[in-house]
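*Asks:* Sequence:
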Amino acid sequence: MNHAASGSAEEEIIALSLDKFRWKTSGRIDLVEALFDDDLHFVHITGHVSSKREWIEELRSGRFVYNRIEPRGASVAVEGDRATLRGKAVFTVTMGGHRGQYRLAFTEVYVRKPAGWRLVELLASTY
Numbered sequence: 515m516n517h518a519a520s521g522s523a524e525e526e527i528i529a530l531s532l533d534k535f536r537w538k539t540s541g542r543i544d545l546v547e548a549l550f551d552d553d554l555h556f557v558h559i560t561g562h563v564s565s566k567r568e569w570i571e572e573l574r575s576g577r578f579v580y581n582r583i584e585p586r587g588a589s590v591a592v593e594g595d596r597a598t599l600r601g602k603a604v605f606t607v608t609m610g611g612h613r614g615q616y617r618l619a620f621t622e623v624y625v626r627k628p629a630g631w632r633l634v635e636l637l638a639s640t641y
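In my numbering, each residue carries its 1-based index in the sequence shown increased by 514.
Please note that the accuracy of each hint is not assured.
Unchecked claim - Under the rule of at most 27 Å between Cα atoms (straight-line distance), these lysine-lysine pairs were calculated in the DSS-like manner: (1) Lys566 - Lys627; (2) Lys566 - Lys602; (3) Lys602 - Lys627.
Worth flagging that the hints you see were computed from the coordinates, not collected in a lab.
Hey, can you work out the whole structure from these sequences and the hints?
*Replies:* Now the structure itself:
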């Protein structure tokens, strides 16, 4: 999960976001959990807010499954130890046994901590 310092912070964040998508669709919830900050706030398209603990439990239980994520572009702004990624993707997911496809715009806020970048805030909306 440590992307080499050879790239810019912007490149690191884009790589982490893409890694996160790959981990979600391949069931590597352990790696997703390591990326999420303990104080993560995830604001869903419904407005519901999940904590790290709540969302990881949803993923581990299989109540929510990421089947496929197709990125449609992203941009990153970095200020010191804080980075904000704004992107779009098409998510194919299974929720409560029902499969659906969603076009989502999302904002991911990362903070650089001693152990590396951690995702502290995730906001999703449809587009």
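*Asks:* The structure should be examined with respect to each hint, and the outcome stated for every one.
*Replies:* Structure-based check of all given hints:
Between Lys566 and Lys627 the CA atoms are separated by roughly 17 Å; this keeps the pair inside 27 Å, and the hint holds. Of the supplied pair hints, the one linking Lys566 and Lys602 holds, its CA atoms being roughly 22 Å apart against a limit of 27 Å. Simply put, Lys602 and Lys627 have alpha-carbon atoms about 26 Å apart, close enough for the 27 Å limit, and the pair holds.
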